[in-house]
Structures are given as structure tokens and as C-alpha cells.
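J.: Here is what each chain is made of, one letter per residue.
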Amino acid sequence: MQNPILSNKVGIILFLAGWVIFAILQSIILYVYYNLSLEYAIADGIVFNLVYGILSIGIWFWVRYTDFEKQKVINIVLNHIASATISILIWITISNFILRNIFPTDNIFLEFLSSAIPLRIAIGVVLYILTSLIYYLIIYIQNFREQMLREAEIKNLVRDAELNWLKHQINPHFLFNSLNSISSLTMSNPDKAQEMVIRLSDLLRYSLKQSSDSFVTISDEISNCIKYLEIEKVRFGKRLNYTIDAPDNVMAFQVPAMILQPLFENAIKHGIAPSPEPGEVKVLLESNPNYLKIILSNTMLGGENTPKGMGVGLSNIARRLSLLYAQNDLIQAKSNNNYFTVEVIIPKLNR
Amino acid sequence: MYMKAIIVEDEDPARELLRKFLEPFTDIEIIGEYIDGFEGAKAINQQKPDLVFLDIQLPRITGIEILELLEYSPMIIFTTAYDEYAIKAFEKNAVDYLMKPFSKERFAQAIERVKTRKINQPETIDNIQQITENLTSDINLTRIVIKSPKAMNIIPIDEILYFEAQDDYVMIHTSTARHMKKQTMKFFEDRLNPAQFVRIHRSYIANVNFINKLEPYTKDTFIAVFKNGIKLNVSNTGYKALKERLAF
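Line order of the protein sequences matches chains E and W.
1 is the number of the first residue of the first sequence in this note's numbering; add one for each residue after it.
1 is the number of the first residue of the second sequence in this note's numbering; add one for each residue after it.
I should point out that these hints are in silico values taken from the structure, not numbers from a laboratory.
Predicted model only: the values in this text are computed from it and were never measured.
Any given hint might turn out to be false.
Some but not every residue of chain W turned toward chain E, in silico, with C-beta under 7 Å [what the hints assert, rightly or not]:
1) Glu11
2) Glu16
3) Leu17
4) Lys20
5) Ile35
6) Asp36
7) Ala81
8) Tyr82
9) Lys100
10) Pro101
11) Ala110
12) Ala165
13) Asp220
Pairs of lysine-lysine, DSSO-like flavour, derived with a Cα cap of 30 Å [unchecked claim]:
14) W/Lys104 with E/Lys238
15) W/Lys243 with W/Lys213
16) W/Lys213 with E/Lys269
17) E/Lys192 with W/Lys20
18) W/Lys48 with E/Lys238
We put the CB at the ideal spot given by N, CA and C, even for glycine.
Next comes chain E alone, as it looks inside the complex (with noise of 0.2 Å):
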């Protein structure tokens, strides 16, 4: 990663505002408390601050690279320590050098620099903290925001997330189709058509009630599919038969809320409503101690429409079961003699 304070104007205003800065103080220093002239004063404030400037830049490296959350403080503090060795003996020897060079008569001001060292050391020392210190803190504010845009961005995809569970619960095409088959009814037979519009809302109202996280008992699933099946009785008359074979063992069973309907709703789209001819839908029900089997076929359009695998519908539920009960093999397709068979299985809850 590039150095932060390179990266933008307003980083490099402040770095070197803070530069010029220590080197007018220093020079002020100087010349005020060292009796140093003015020239020596100016010159010593600009050659030791221009030198540390330009380490400081490399020490971002340093930094950048211990990491408080892989490392061992240990061994952070033995890395700046050397770090800070190296950069401290480069800047005062190359600053010394500079000096030495720009004033090589100067007996006093060479004098200055000598027994100036073990000060410099010091103040080395002290911009090394501060210099890493900033970094660090650069490091923090990034990270933060960072996080902040992440945690927006997974806000947007559990929201994204619950619309799509919405969407699924009211399937727009068995919505409108119901409409208007009601529609249809009020003029043949308004009592039919008023028990599909009680029908239609008790679906309706089951399933805004759930979430995608509850858990009902078969039972309430089995009641709430039989009103699904029956509207759909009513659009596709004698081509949809359905059974259900449910023990009453298994009706106290807890399972994920919507997940017998998807199951339904899949077999009727893909075995009842392409084919002209009366099909079958049925289900049956296990269960032992440790899990519920639910075992629902239906028949298929022969030849053209032989499924190969599971379809976006089966997809969903698979992904449902995978994420409540972290398992990824409690749904089975399979297909032979014109029946199409999916085997799901419902781990008992703990608790």
C-alpha cells in the first residue's frame, strides 16, 4: 500500500507544513539558546529536518507491516526498535556529513555537531514515536472507515436479502392467477368464490407472518399447504390430485416456517401445469428421534420436460436448510418411471 500522506494534497501540505515547522523551531533553538550564528542556526534546522523527512516517509513501510493482530507485541517492539537504530544512525550521519561539507572550516560549528549527538539521538528518538505514532493513527481512521462502508454494505444485503424471502412467499403468477379465478367465480359461484378469497388471505396472512429464521410445527405447514392446494384445485380442476399422508407422530415435529409450500408449489409447477393431462401430487411424512423425512413426488410430462437436477425452487430451499441447520445434504432429487421424487430432511431441533 502507498504511503498515506503521499497520496492526496492535503497529506502532503500537512507533512510538509510540519516539516518546515520543527525546522524553524529547531533553528530558533539553535540560535537563541546554542548561541549558534544565524547562517549555522538555519542551516543545521534545514539539513536534520530534510534528512528526517524523507526516512520518515520509509518508516510508513515499517509500520504498514506489523500488524498488531498477526504479530506478537514482542516482536513489534524488537522490529521498530531496530528500525528506529537504523533510521536515527542514517539521519544524523548523513546530516553531519552535509553540514560537514557545506562548512568543512568551522572548527566551533564542527565541535557543535560532535557533541551534539548524543541530543540528537534523543530527539530521534522522539520523532520516530511520533512519526510511527501518526501512522498508526492513519492506519486506525482507514481501517475504521472501511469497516463502516462494510457494515453499510452488509446492512444493504440482508435488506436485499428479506425483499427476495418476500417476493419468493408471494409468487406473483399464483397471486394474479388466483385473482382471477376469484374473478371468474363471483359470476358462477359466488360461495366458492368467497371461500378462495378466505382461502387466499389465510395464505396470505401465514405467510407475512413468518420470518425466514421460524419454526412452526408440520402441523401448521400441512393446514397451510392444503389452502394453497385447494386454490390451486380451483384453477387446475381435475388435472391437480393430491394427497397427504401425514402419522399423527409426526405433527408436533418442529420445522423452518414455509418450507412444505416451496415443495408444493415446485411439483405443481413442474409436474401439473405443463402437462394437459390430471397428474399427481403427494406427499408423505417419517419421522424418528433424530429427524423428520418429508417424501413428496409428482408426476411428470413424459419425453421433453425430464428434470436433470434440482430447479431454482429446490436451489432455494437447499440454500434455507444449508444456512439454518449447516448441513448441505438434507434435499434429494430424483426422477424415474414419469415420477419425479424430492426427499428432504428436517434435523431435529435441540432445544
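Using the hints, position chain W against chain E.
T.: This is chain W only, laid out in the frame that chain E set:
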């Protein structure tokens, strides 16, 4: 103005609704009702109604595919529940489309349009081809419907060996038959699964599942040998495309 009409709609209540709404229009006679898209297409071609009420989601083939099979251009009113086929694309071409559920007034409006259209501008077959092209632009084909003088066929995509360009037509080869369809190679190239179908030559789109091996032919070209022994030329570009898709 006497008109014959056919209804192709797979849901009983929806058909009943159309019948009820049509009652006041005594000059329109329903000569047939079909729940199956394929049967519907056959009946339309045989009985040649002036007007067709067409649902889009139907058993066996869709209402859009029915359009492709028609030998003439009846006036069409689409009835559909949900705008997933970007119906606006053919608003200008079909006489009208009704979004379910629709009111008696809206239905009467559609019938008015039919009557006006019948007097003013009879539709042409080209128009219908335009419609189907617009409608299927982003749909991955799973089957192709073809009409021949003798029969209508539904060909599953997986059974197709290759497509061959023939002037204004495309010859579709399966292991048992060949079918001619008035369409462009580009149309199929855009709508086929690129992992399965590759344009191996200016004149051929091949189903890679049926290719057995590639033999060198000249310096730059190859020959694709199919499992049943058919050999097709592969151009240099085609070879590159094959190599990319099959990763060999």
C-alpha cells in the same frame, strides 16, 4: 361483424370468465377451447379463427411458441397473470394484452380494438416473427418449435446435434431427422447455452456433447467428428471457441 374465436387457456375459471365476458358480443363465436398449447396451435392452423385469446403459460408449449407455429396471422389478445415476458415489447404488434384479473370494461375495450384492427390493418407474418424475437431475447432456449407442411414438432435442445446455416433458413439436425426453420444463426447463437452450443464455423453451431473428437484438416482448420460419424468443418475461430469452452 361476424368473427370466429379460439381460446387457448389452461385454467377452467379463466376460460369460463372469457366465455362470460364474450356473451354480450353476439357477433363473436367461440369455435374452440384448448388447454394445451400444442393442441391449440394445431387447431388455430386448421380452423383459422379471426381472433385468438392466448394465455402465455400453457401446458407443453407457451403462448409465445404458439405464435412461431402459426401459418397465418390471426388477431391475438394475450391474457396473462404476470408481466414476466416484458409484454410491453409487443404492445404494438399483438392487438392487445389483458393482465389478469381484468374488468369487463377493459375486456370490451380489447374487443373494440380487435374490431378496429380488422377493418384497418391486417397483421402480417413478419410482424409475428418480430414479436417472438423481441420476447425471447434473453431467454435460454430449452426447446424449439417447428412447423413443417406435414406436422408440428417440439424439439428438445438436448437432442440437437448441430445447426446449419442455409440462406434465410437454419437447418436443425437431430440424430433422427432434420428440420428447417426460418431464422438466423445469430438468433440461436444468442439464445443457446454457450457451455453446450459452440459456433464452430460460419455455417455451424454444434452441440459439444455430441462431438467425439477433433481431427486436423489443413494447417489452420479442423474437422469435428460426431459420435454418430458425421464430420463438420471447424474454422480457426471456431477451434479457438471450442478450446475455450471445453478447456483442453
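J.: Sort out which numbered hints this structure fails and list those numbers smallest first.
T.: Of the numbered hints given earlier, those the structure breaks are 11, 12, 13, 16, listed in rising order.
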